[in-house]
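Using the hints provided, position chain R relative to the given structure of chain A.
Protein chains: 2
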Amino acid sequence: MYLSTHFRTHNCGILNISNVGETVCLSGWVATLRDFGGLSFIDLRDRYGITQLSFNMENNVFLSEAARSYGREYVIQAKGKVVERSNKNPKIPTGEIEILVEELTLINASETPPFTIEDNTDGGEELRMKYRYLDIRRPLLSERLILRAKMIKAMREYLDERSFIEIETPNLIKSTPEGARDFLVPSRMQKGSFYALPQSPQIMKQLLMVAGMDRYYQVVKCFRDEDFRGDRQPEFTQLDCEMSYVSQNDVLNTFEGLTKHVYKKIMNVDLPDFQRLKYADAIKFYGSDKPDLRFDCKIVDLLSENVIKNSSFPLFLSAEENKQIISGINANGCAAYSRKQTDELVEFVKAPHRGLGGLIQIKFNEDGSVKSSADKFFNEDQLREIGLLFNATKGDLILIVVDREAKVRKALGDLRLEIAKKQNWLKKDSWSVLWIVDFPLFEKDEESGETIFVHHPFCAPHPEDLQYIDSEPLRCRAQQYDMVMNGWECLSGSIRIHERELQNKIFQKLGMDEKEIEERFGFMINAFRYGAPPHGGCAFGIDRWVALFANADAIRDVIAFPKNNGGRDIMMDAPSVVDSKQLKDLGIKFEF
Amino acid sequence: MYLSTHFRTHNCGILNISNVGETVCLSGWVATLRDFGGLSFIDLRDRYGITQLSFNMENNVFLSEAARSYGREYVIQAKGKVVERSNKNPKIPTGEIEILVEELTLINASETPPFTIEDNTDGGEELRMKYRYLDIRRPLLSERLILRAKMIKAMREYLDERSFIEIETPNLIKSTPEGARDFLVPSRMQKGSFYALPQSPQIMKQLLMVAGMDRYYQVVKCFRDEDFRGDRQPEFTQLDCEMSYVSQNDVLNTFEGLTKHVYKKIMNVDLPDFQRLKYADAIKFYGSDKPDLRFDCKIVDLLSENVIKNSSFPLFLSAEENKQIISGINANGCAAYSRKQTDELVEFVKAPHRGLGGLIQIKFNEDGSVKSSADKFFNEDQLREIGLLFNATKGDLILIVVDREAKVRKALGDLRLEIAKKQNWLKKDSWSVLWIVDFPLFEKDEESGETIFVHHPFCAPHPEDLQYIDSEPLRCRAQQYDMVMNGWECLSGSIRIHERELQNKIFQKLGMDEKEIEERFGFMINAFRYGAPPHGGCAFGIDRWVALFANADAIRDVIAFPKNNGGRDIMMDAPSVVDSKQLKDLGIKFEF
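First to last, the protein sequences are chains A and R.
The working numbering applies: residue 60 is where the first sequence begins, and numbers increase by one.
The working numbering applies: residue 60 is where the second sequence begins, and numbers increase by one.
The reader is advised that the hints may include incorrect statements.
Remember, identical chains collapse to one label, so a pair may be satisfied in a single copy or spanning two.
What the hints assert, rightly or not - Pairs of lysine-lysine residues, derived as BS3-like cross-links and limited to a Cα-Cα distance of at most 27 angstroms, are as follows:
hint, residue 1, residue 2
1, K150, K486
2, K574, K640
3, K481, K147
4, K574, K648
5, K280, K643
6, K138, K399
7, K209, K150
8, K466, K481
9, K280, K640
10, K643, K574
11, K343, K324
12, K435, K453
13, K399, K486
14, K280, K209
15, K357, K568
16, K640, K503
17, K568, K640
18, K337, K399
19, K382, K481
20, K250, K643
21, K503, K648
22, K323, K140
Simulated from the structure, these hints should not be mistaken for lab results.
Looking at chain A on its own, in the form it has when it is part of the complex (with noise of 0.2 angstroms):
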């Protein structure tokens, strides 16, 4: 619905062929001017599009200097009449009309923008960001921010339809620090005290199960003050999630559906039922519990097959002595990779952080011949035995590594993405969703050697592994799930504790004594006292869904302020330093 206001009967992007010969009367920027002797055309812009103004030297003189007077981002309002263009422009709305301008108003001058205001800018990254309010004039950025918004709304409807209530849990909690570090407020009113910044509302909507809310969301803010690397915000928006009385197969149900319902609302795609893998599986046929299924190349494990058995190469006879394993991919149609290429997959696989010794290539040419790095220790014959454990066809390169399991599955997981970007499977327009399910409850940190939870405590174990919990505990599966769009993890949950004998002995598996328990989560153990619910629930990392539907490389690119990739708002500059009034008030000192 569109109002008129003091400043314009219509917006710049509504006028088209059926409003001719109406007198209207619009605001907004100049985006270009455009001045042919006797003719002078302003490109008008506001939100909603452009309309094209035209000023005629012969009719009024007056107002075609003034317009030409007018520099780019000036503020403008303009009334006359809707015509039909000579020269129409099919690409956009308002395309087929423009105005011929009766009344021209300067409303605000500009002084010339630091960058061009226009999808393809001339700014950089960092000039951008200091004039943000400028970069979200290009319609690229703002309407990225309305898309958003609309995504948002469209969860909200789904929820709001399925008597999902949105509560806001507060902002200023205590601190519970659990793997990340909190965002701490000093108290003003209890100085040497300090509220925290919510990491997650984690335990406050497990506080509204058990106060009977049922069935609870909110598009929430989160802080945690990381060490800033990579595509990371300190402040972030969840679509935080809970239900009572659940098991896990309602929360996939629900939430696979809200999924549909954003992907066909949003995008107009229908997605298919999602597959749910076992996080087991994950690993073993694509080396990660993220798996991008736009394309298949799954792992394929070699060592027990008698191929490899019988061969006479040496690293794949010694390898099961090494407790190592010996699996491959199929890098569909690689075949006629240069040595060149193929030296770079191998440089690939023997980065620093992936770590292995080589890789051995077999190549299906196209022509029919078999070509293999281990030539040696093959013959043709085990060659094609090979390839047809992988379904090579002609144009196929099989590549092979051997060393310790987690490694091998790690550099293949890379290694199959890696060729798909070579190869260009990831096409932007096509998507894999899909749940990973039965991650493990604990895991071994490997610099402590400690028992560490994979997710966080309060995740419930699978019914069917509560037998390991003291015996082998990393035996244990969780009652925790994640949600994989086009390999990225997009939500993460998990059906909860609510018995309070259990949650205890999760906490001092973690190597919590009764004291720190009952310091850090004293409250949440008190209140599974009285009757708590089964519940479960999970979040939703909207900046990055958002940036996935806008095409953008960052989550940044999809936040209207944004910090840098140190933590600053360089528009604002903040964090800055304060009054010393302000930290006397709070007692504060430094030292360094």
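For chain R alone, coordinates are given in the frame of chain A:
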């Protein structure tokens, strides 16, 4: 839409006579247990309602005894058949049926809660805040949270339909304290520097207008580190809105529309068009800038009336000379007040913060007689003449005071409210919603004598008063407006300054020098160089509005997890002492 889950086919509020014969499964909390020898009943409660479970000793001894062993707030699951009740309860939607239980599972036991989970609970305020998760189980509280969600949904509906875009602004911003104190967040990455939590997104929403977003809204948490008193919370929620290319009239029409939409949708009330009362008139007639107009009772000024001038009352005769005014109100129907009651009114205006000397009373008794506390100085004709000025009729009580104007208006404003309370004129289900417009731009700080802004330094002056900015700043009106609901300021807003020079001038008028302006507001002033559009907006106080509709005494009654009056979350125990390691990371020491 209700979706069945693993633990239930229906919720506890949905079954009725049409379901008789169905086999269902419910889960919930034991609200009450009643035992009549062979028959036992459990009222099973969840967020949606209460359903009666019925157990018959004859049918199943085992089940009946299990049921009898349960306590209040036990979480149970019951399967059975829906049957028509013999003893129907017309007060609840499920009151015509009950469940003949065939299977029963104890999901989680409960200790005896510290107070009863009923609307009329026995728990005190502090106890209920400590166990907030139990307090929310009371339908009174959970329904308030649901009301809150519905109201916010209705606000979004209205705005979404009118091209407003919900945009999130950051919570970690630069400290630019105006008026209230900022909550600060120490930066670990840049020790000694701070982020601030926003007191409101004011500057950011104005930058979104500069950015061309045109129509913005956000349901947003705001933070103020004030000394807690009365009904305040350190974090509270606003519906924050801003529009470009608008006049004040456009903003008033838009948000009057929103308010009517919410009243209609939530309360099924059709509000008439809102009165637009000038600030000066609000003070003159009601002694308040947030008058409750559910009743009239206007202040009547008497100073220039002949009957006053011609009286022999020394207090009246000396008024003009003493720069005092003589004004009063008509307390309709209060003529029968006892001496004790009128003495209370006298004490009321003499209270230190009102500081008046007394109250002249004229009673227009039901029997037709007139009686005044100033009978000595007025004959009956004179009293009746004064009565005419107040439209006094039989049964009315006129109350007159004499003092400096500001004190008189304030005291009579308070007095009309006090009488309204005593006379029960403030009906819960009647609504007075109006605009106050034409606020002054500046005021004189009573302590320092400095010129300070009334609202905030971004309010645009009234165009007619721009001429007085230098010569008579206190004469300038602002394009500022409040919306007042039943005597409470529920919205405040203004047309903003969009010209750089004017904004600079206003900052200077408020005593800031160039350096301070640059440090605190440089990024904003700078943004105005690049074509800022005319814009204006407002913010609704959501907590209070919900409290009004919920008929709640305090805003903490409509917040899931509020702070107490000392700013503490007594459930979580926040703020609290943190690890010394956390302080070391921040480089913080305390000195008290």
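Status of K399 relative to K138 across identical chains (alpha carbons, at most 27 angstroms): neither (64 angstroms within a copy, 69 angstroms between copies)
Identical-chain pair category, K382 with K481, by Cα at 27 angstroms: neither (32 angstroms within a copy, 88 angstroms between copies)
Intra- versus inter-subunit Cα pairing at 27 angstroms for K435 with K453: within (22 angstroms within a copy, 120 angstroms between copies)
Up to 27 angstroms CA-CA - K209 versus K280, copy category: both (18 angstroms within a copy, 21 angstroms between copies)
Within, between, both or neither, where K399 and K486 count as close if Cα-Cα is 27 angstroms or less: Intra 25 angstroms, inter 85 angstroms, cutoff 27 angstroms: intra-copy only.
Alpha-carbon proximity context of K481 and K147, limit 27 angstroms: Neither, since 41 angstroms and 72 angstroms both go past 27 angstroms.
Homomeric proximity label, K503 with K648: Cα distance no greater than 27 angstroms: neither (39 angstroms within a copy, 35 angstroms between copies)
Within, between, both or neither, where K357 and K568 count as close if Cα-Cα is 27 angstroms or less: neither (36 angstroms within a copy, 71 angstroms between copies)
K150 and K486: within-copy, between-copy, both or neither at 27 angstroms Cα: Close inside one copy (25 angstroms), not across copies (59 angstroms); limit 27 angstroms.
Identical-chain pair category, K280 with K643, by Cα at 27 angstroms: between (29 angstroms within a copy, 26 angstroms between copies)
Status of K640 relative to K280 across identical chains (alpha carbons, at most 27 angstroms): between (29 angstroms within a copy, 25 angstroms between copies)
Up to 27 angstroms CA-CA - K643 versus K250, copy category: Intra 10 angstroms, inter 17 angstroms, cutoff 27 angstroms: intra and inter.
Taken one by one, the earlier hints fail for this structure at numbers 3, 6, 11, 15, 18, 19, 21 and 22, listed in ascending order.
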